[in-house]
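For reference, each letter of the sequence shown is one residue, going 1 to 289 in UniProt numbering.
Treat each hint with caution, since some may be false.
Label-pair distances were calculated between CB atoms; the ranges are [to be verified]: (1) K54 / E74: 16 to 24 Å; (2) C30 / L221: 31 to 39 Å; (3) L181 / A238: 33 to 41 Å; (4) A165 / G241: 39 to 47 Å; (5) N9 / P192: 50 to 58 Å; (6) P89 / D35: 24 to 32 Å.
SDA-like cross-link-like pairs, simulated, lysine to any residue; straight-line CA separation at most 20 Å [to be verified]: (7) K248 / K208; (8) K54 / L162; (9) K274 / T18; (10) K67 / V265; (11) K67 / Y86; (12) K244 / S255; (13) K244 / P230; (14) K274 / K239; (15) K53 / L162; (16) K208 / L162; (17) K55 / N29; (18) K239 / E183; (19) K67 / S261; (20) K54 / Y39; (21) K54 / Y86; (22) K62 / I202; (23) K239 / L197; (24) K67 / H226; (25) K53 / G23; (26) K54 / D127; (27) K54 / R42; (28) K239 / S261.
Source of the hints: derived by calculation from the structure; they are not laboratory data. Each residue gets a CB set at the ideal place from its N, CA and C atoms; glycine is no exception.
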Amino acid sequence: MASVEEIRNAQRAKGPATVLAIGTATPDNCLYQSDFADYYFRVTKSEHMTELKKKFNRICDKSMIKKRYIHLTEEMLEEHPNIGAYMAPSLNIRQEIITAESTQAWSTSSCGVLRDTVVTFRGPSEDALDSLVGQAFFGDGSAAVIIGSDPIARLNDHSFNLVSAAQTFIPNSAGAIAGNLREVGLTFHLWPNVPTLISENIENCLTKAFDPIGISDWNSLFWIAHPGGPAILDAVEAKLGLDKQKLKATRHILSEYGNMSSACVLFILDEMRKKSLKEGKTTTGEGLD
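Take the sequences, apply the hints, and build the full model.
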């Protein structure tokens, strides 16, 4: 008779963890970046702040974003005006919206939509330019994956294997990117030198992850980089000497959806998978292993 340990070992997969399927979703409400400054200052009753609006418009123009999907509608903002104010208490109503809508979304779809903008949306302030950056970049979306191992080749020809991982701690970076939950919602704070912090430390992280498997040519890899913003992508690209095509999928998702927090990474993974399949590549990673 087989032992319990032998039975368990027989049930375990031998291969690496594998992304077998990816699902993504966005809200129906789509806003175009070229119109967003007018929309934002109108719905927050801030059209009198003409100079700040010009500054915000420049931020939007430089964002490299074409459109975003946002759960908050103009009707919601009319019904709950505190959400559109800069310092009015609104945490309770934000949580109520998320709870009610999440219950409905999960009952009708396998992939509920993240509602970052519900908790982060707020009016403009001359004293909070980092908050304005958040308003110009963040969008709503969600993604989910099925992780397995030893996939059946005929059914899962277009999967991703997880072969190595690493992390790097950056000294003196606490607070560089921060979200603080307050009565006014989730406040966003960003240091101006974030692109430098990331680009100056990314190679250390890459070396930790890829040295064990003998890879040191960063252009020999396919790239799924979180699209925090064009300045971050430009800095990473320059620091590592990446070919311009390496971050194409990342820049495409930034353009079409904005920054959806962590969900962006899986949107990019799915974009690369679909494009690789469409173009007849030999792997899901643009033909690269």
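Comparing the hints with the structure gives:
no.: 1; hint: K54 / E74: 16 to 24 Å; verdict: holds (23 Å)
no.: 2; hint: C30 / L221: 31 to 39 Å; verdict: holds (33 Å)
no.: 3; hint: L181 / A238: 33 to 41 Å; verdict: holds (35 Å)
no.: 4; hint: A165 / G241: 39 to 47 Å; verdict: violated (23 Å)
no.: 5; hint: N9 / P192: 50 to 58 Å; verdict: holds (53 Å)
no.: 6; hint: P89 / D35: 24 to 32 Å; verdict: holds (29 Å)
no.: 7; hint: K248 / K208; verdict: violated (25 Å)
no.: 8; hint: K54 / L162; verdict: violated (45 Å)
no.: 9; hint: K274 / T18; verdict: holds (17 Å)
no.: 10; hint: K67 / V265; verdict: holds (18 Å)
no.: 11; hint: K67 / Y86; verdict: violated (24 Å)
no.: 12; hint: K244 / S255; verdict: holds (16 Å)
no.: 13; hint: K244 / P230; verdict: holds (13 Å)
no.: 14; hint: K274 / K239; verdict: violated (28 Å)
no.: 15; hint: K53 / L162; verdict: violated (45 Å)
no.: 16; hint: K208 / L162; verdict: holds (15 Å)
no.: 17; hint: K55 / N29; verdict: violated (25 Å)
no.: 18; hint: K239 / E183; verdict: violated (40 Å)
no.: 19; hint: K67 / S261; verdict: holds (16 Å)
no.: 20; hint: K54 / Y39; verdict: holds (13 Å)
no.: 21; hint: K54 / Y86; verdict: holds (18 Å)
no.: 22; hint: K62 / I202; verdict: violated (24 Å)
no.: 23; hint: K239 / L197; verdict: holds (11 Å)
no.: 24; hint: K67 / H226; verdict: holds (17 Å)
no.: 25; hint: K53 / G23; verdict: violated (37 Å)
no.: 26; hint: K54 / D127; verdict: holds (15 Å)
no.: 27; hint: K54 / R42; verdict: holds (13 Å)
no.: 28; hint: K239 / S261; verdict: violated (23 Å)
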